[in-house]
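Knowing the structure of chain A, use the given hints to seat chain B on it.
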Amino acid sequence: MQDTGTSDAFVAFERVQKSYDGETLVVKDLNLSLPKGEFLTMLGPSGSGKTTCLMMLAGFETATHGEIKLDGKPINNIPPHKRGIGMVFQNYALFPHMTVAENLSFPLEVRKIGKSDREAKVKRALDMVEMGAFGGRRPAQLSGGQQQRIALARALVFEPELVLMDEPLGALDKQLREKMQFEITSLAHQLGITTVYVTHDQTEALTMSDRVAVFNDGRIQQLAPPDILYEEPENSFVAQFIGENNTLEGTVAEINGDRCVVKLDGGEVIDAKPVNVSKVGERTRVSIRPERVEYNKDRLQQGAHTLKAKVLEFIYMGDIFRTRLEVAGNREFVIKTRNAPDQVRLSPGTEIEIGWLPEDCRALDAN
Amino acid sequence: MTASTTDPEKAAKGPMLAADGTPLKKSLSRALRVQKLRALALVAPLLIFVLVTFIAPIADMLFRSVENQIVSDTMPRTTKALGDWDGTGLPPEVVFEDAYYDLFVAAERKEHTRLGSRLNYELTGASSLFRKSGRGLDELGEVYQDQFKDLDKNWDEAQPWAEMMGSDDWLAKEAAWEKGERLPKFELRDGVDELLPRTAEQYAAFATFTHNDDRKSLLKEEPWSAVHTALYQDLAANDYSGYSGPHADMLKAADTLVASPDFQTLPFKDGFGEIDKDWLEPGIWRTLKLYAPKYTSGYFLNSVDMKLTPEGVEARPQNERIYIMLFKRTLFMSLVITCSCILLGYPVAYILSNLPSRTANLLMILVLLPFWTSLLVRTSAWKIMLQQQGVINDVLVWIGLVSDDARLTMINNQFGTIVAMTHILLPFMILPMYSVMSTIPKTYVRAAKSLGATDWTTFWRVYFPQSVPGIGAGSILVFILAIGYYITPEIVGGTTGTFISNRIAYHISTSLNWGLAAALGSILLAVVLLLYWAYDRIVGIDNVKLG
Numbered sequence: 001m002q003d004t005g006t007s008d009a010f011v012a013f014e015r016v017q018k019s020y021d022g023e024t025l026v027v028k029d030l031n032l033s034l035p036k037g038e039f040l041t042m043l044g045p046s047g048s049g050k051t052t053c054l055m056m057l058a059g060f061e062t063a064t065h066g067e068i069k070l071d072g073k074p075i076n077n078i079p080p081h082k083r084g085i086g087m088v089f090q091n092y093a094l095f096p097h098m099t100v101a102e103n104l105s106f107p108l109e110v111r112k113i114g115k116s117d118r119e120a121k122v123k124r125a126l127d128m129v130e131m132g133a134f135g136g137r138r139p140a141q142l143s144g145g146q147q148q149r150i151a152l153a154r155a156l157v158f159e160p161e162l163v164l165m166d167e168p169l170g171a172l173d174k175q176l177r178e179k180m181q182f183e184i185t186s187l188a189h190q191l192g193i194t195t196v197y198v199t200h201d202q203t204e205a206l207t208m209s210d211r212v213a214v215f216n217d218g219r220i221q222q223l224a225p226p227d228i229l230y231e232e233p234e235n236s237f238v239a240q241f242i243g244e245n246n247t248l249e250g251t252v253a254e255i256n257g258d259r260c261v262v263k264l265d266g267g268e269v270i271d272a273k274p275v276n277v278s279k280v281g282e283r284t285r286v287s288i289r290p291e292r293v294e295y296n297k298d299r300l301q302q303g304a305h306t307l308k309a310k311v312l313e314f315i316y317m318g319d320i321f322r323t324r325l326e327v328a329g330n331r332e333f334v335i336k337t338r339n340a341p342d343q344v345r346l347s348p349g350t351e352i353e354i355g356w357l358p359e360d361c362r363a364l365d366a367n
Numbered sequence: 001m002t003a004s005t006t007d008p009e010k011a012a013k014g015p016m017l018a019a020d021g022t023p024l025k026k027s028l029s030r031a032l033r034v035q036k037l038r039a040l041a042l043v044a045p046l047l048i049f050v051l052v053t054f055i056a057p058i059a060d061m062l063f064r065s066v067e068n069q070i071v072s073d074t075m076p077r078t079t080k081a082l083g084d085w086d087g088t089g090l091p092p093e094v095v096f097e098d099a100y101y102d103l104f105v106a107a108e109r110k111e112h113t114r115l116g117s118r119l120n121y122e123l124t125g126a127s128s129l130f131r132k133s134g135r136g137l138d139e140l141g142e143v144y145q146d147q148f149k150d151l152d153k154n155w156d157e158a159q160p161w162a163e164m165m166g167s168d169d170w171l172a173k174e175a176a177w178e179k180g181e182r183l184p185k186f187e188l189r190d191g192v193d194e195l196l197p198r199t200a201e202q203y204a205a206f207a208t209f210t211h212n213d214d215r216k217s218l219l220k221e222e223p224w225s226a227v228h229t230a231l232y233q234d235l236a237a238n239d240y241s242g243y244s245g246p247h248a249d250m251l252k253a254a255d256t257l258v259a260s261p262d263f264q265t266l267p268f269k270d271g272f273g274e275i276d277k278d279w280l281e282p283g284i285w286r287t288l289k290l291y292a293p294k295y296t297s298g299y300f301l302n303s304v305d306m307k308l309t310p311e312g313v314e315a316r317p318q319n320e321r322i323y324i325m326l327f328k329r330t331l332f333m334s335l336v337i338t339c340s341c342i343l344l345g346y347p348v349a350y351i352l353s354n355l356p357s358r359t360a361n362l363l364m365i366l367v368l369l370p371f372w373t374s375l376l377v378r379t380s381a382w383k384i385m386l387q388q389q390g391v392i393n394d395v396l397v398w399i400g401l402v403s404d405d406a407r408l409t410m411i412n413n414q415f416g417t418i419v420a421m422t423h424i425l426l427p428f429m430i431l432p433m434y435s436v437m438s439t440i441p442k443t444y445v446r447a448a449k450s451l452g453a454t455d456w457t458t459f460w461r462v463y464f465p466q467s468v469p470g471i472g473a474g475s476i477l478v479f480i481l482a483i484g485y486y487i488t489p490e491i492v493g494g495t496t497g498t499f500i501s502n503r504i505a506y507h508i509s510t511s512l513n514w515g516l517a518a519a520l521g522s523i524l525l526a527v528v529l530l531l532y533w534a535y536d537r538i539v540g541i542d543n544v545k546l547g
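Top to bottom, those sequences are chains A and B. At position 203 of the first sequence (counting the first as 1) the number is 203 in UniProt numbering, and the numbers step up by one without a gap. At position 350 of the second sequence (counting the first as 1) the number is 350 in UniProt numbering, and the numbers step up by one without a gap.
It should be emphasised that the hints constitute simulated quantities derived from the structure, not laboratory data. Treat the hints with care, since some could be wrong.
Calculated lysine to aspartate or glutamate pairs in the EDC-like style (CA-CA distance at most 20 Å, straight line) [said to hold, decoys possible]:
1. A:LYS310 x A:ASP265
2. B:LYS80 x B:GLU111
3. A:LYS336 x A:GLU326
4. A:LYS263 x A:ASP360
5. B:LYS294 x B:ASP276
6. B:LYS442 x A:GLU61
7. A:LYS82 x B:ASP455
8. A:LYS112 x B:ASP455
9. A:LYS73 x A:GLU161
10. B:LYS220 x B:GLU274
11. B:LYS442 x A:GLU167
12. A:LYS36 x A:GLU159
Chain A with its partners taken away, still in its complex shape:
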């Protein structure tokens, strides 16, 4: 993946490779750059190389090949403690033998900042995360969410320009996680710091980030803002990994500019948008988001191809209805409809006809 605008990049990975055992590459040819103030999330399944990238940036792992630049200067040979990068760890890594205030004071002490200055900064940082009253406590006396805030305050107290976060919200419950997601992003934008955030939770990635880098198999599969990532996945992996997705397999029958016709394995023919298929006869996997599937014929384009579907299951989920269908041999085909007053509730066994706008149906690689 080549990223544009490397000249004004604040953080840049250039052709970075990493291997632990000298036989397999964990990170394969990584190129990535992000401008100052951006909130970038590295998203991917475990073992995809995202954490390794973060550790290389922090200095805890050395790149086997390639260069990592911070503010234009290569940092490969700079030890971690001289990089001045704030970091929040998965389990917070608050020093258990120090109080909250001592934890926050620690990075200032090692920077030889005067006592009065230190106290003012610690107080400001604690106030920033609304933990001003907890300076005298030990980390063990705090709840998970409170520890998370302290870890954040500690990573920010020495005013780094870059903050790295390694799945910091993984240990929190859902409600607290959502609250912290909001707080972290607003704090990051408010302070104008550049943030690299690692997570395997796609919702977290979509809600928090300016841009998301989807990792798989040691490579960035797609680097894009959340909406593009969701609506215009560039390959099957991204389409599958981000959000819910229906797939149908087939062969490209004809390509016509930004339209193509795909002949499914069952013989049905559908319209799609060619994304990474280039020639007729190529195997493809088409992807349609559940909420873009229509079964009301009035809303479909004239002459659009439709498919016969049989309702297998209807699930009432409150705000939406989730209906599982059997379409072209795929029994896991799901459609989502809004719970509106005029919405039809499909009962199992009903035979319907479904279709979609061709631009919502993306013909992707078959892998």
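For chain B alone, coordinates are given in the frame of chain A:
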């Protein structure tokens, strides 16, 4: 107010009730009782084992360190009489008299030598004095025995004595006694204890001994000379012309003999003086008076280089002081051994805890390897390594660092003990350190570095404080083991490298002064507990983790 509104109020004030109406607490404790009983049954075997093999011996040891009943048990009359003595000069004749009778019985029972050994701890020479006196006391009594015997042969016969002293009832039973049966309990004749008080007492003592220890009939055994001595005393004190009991003429004749000026007498004091001149020195009597009580602080005072004197507690002379120095040496060397274990063990534990577990387990075997070798073998190996003609000296001489005639003395001194014990106790330091260190998450180190700390600051401010519980646990373990170590200092310690435990062992097995050994052991136990308490106050026992 209706009933329905008052009920919950009542319930809130009274005890909580279970569903069947019994108080909830009672119901709960009944439910828990079975669980408790089961738990108790499970630990019972170990509990009993520990009680029998650990708690009871320790309690016994603590008791032995103050117990002193041997003096009052062996010489009950003397210790009582000495209570009235003011301790100046020689005690009055009556004390010598009591001592004579006490020691006579003790000598017959062969208990006088044990008392002699006991008193020898306090007064050198007491042991041989008592042994000698056991034989000499017979001679004292024979003065009277011989004169009575010369007067009438019956005075040295069993039968007349028994008839004179025993009740008719008992005499009949004793006569009917056959070997193998229980001997009938001796009963004094009515009035004889008033008539011949001393004789009756001594004869009763003789009777008890003959029956219980010798298992012989009193009709066959002629009494010992102490009885004759008592008879003389009685005859000299009272008039027996009106006596009409058995063998009245025999007794009257004896009374006349005693009254005659030809009768030879020997005051007890002179008798003791003849046995040994030491009896005429106040020293032995003072010691007896001092150690007469059932319990004594003497052993403990001895353990801290002091002694009990009639004037109070005072320090021993310079050349007799040994224990305080030994305690200090034991503490100092244990401390040095603990410190060297920390210094040598910490890096090893650190490396082990940072290695992948496969490699760590492999290396851990090397740490544990010494455990699988006999302690004696390891200690002896050090002897071979460190001795003057040993491996290390040979190498140093060969290299040329040390000349052949100036080989280093590394064994049979403190250095040898410290080296060998550090080696032996090292695993006890490494294991708790390792188990604590392996629980310290690596992210702490990373976090510290990301916050800008150098390697040293990271170690000192973040890693080290969290490894302190391991050091604490290891130190307690090593220190307590070291302070009571015996075999290694015994083998490689020589004279300057031995511990207090070696001295305790000496008193247990060689000098047989168990009281002193117990007192030394108790002090050692107290010191360990005190240090443990101090450690808890300073470091906090919560900070000790074994894993």
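Do the hints match the structure? See the list:
no., hint, verdict
1, A:LYS310 x A:ASP265, "18 Å, holds"
2, B:LYS80 x B:GLU111, "19 Å, holds"
3, A:LYS336 x A:GLU326, "14 Å, holds"
4, A:LYS263 x A:ASP360, "17 Å, holds"
5, B:LYS294 x B:ASP276, "27 Å, violated"
6, B:LYS442 x A:GLU61, "14 Å, holds"
7, A:LYS82 x B:ASP455, "11 Å, holds"
8, A:LYS112 x B:ASP455, "16 Å, holds"
9, A:LYS73 x A:GLU161, "14 Å, holds"
10, B:LYS220 x B:GLU274, "32 Å, violated"
11, B:LYS442 x A:GLU167, "16 Å, holds"
12, A:LYS36 x A:GLU159, "14 Å, holds"
When the structure is compared with the earlier hints, violations turn up for hints 5 and 10 and for no others.
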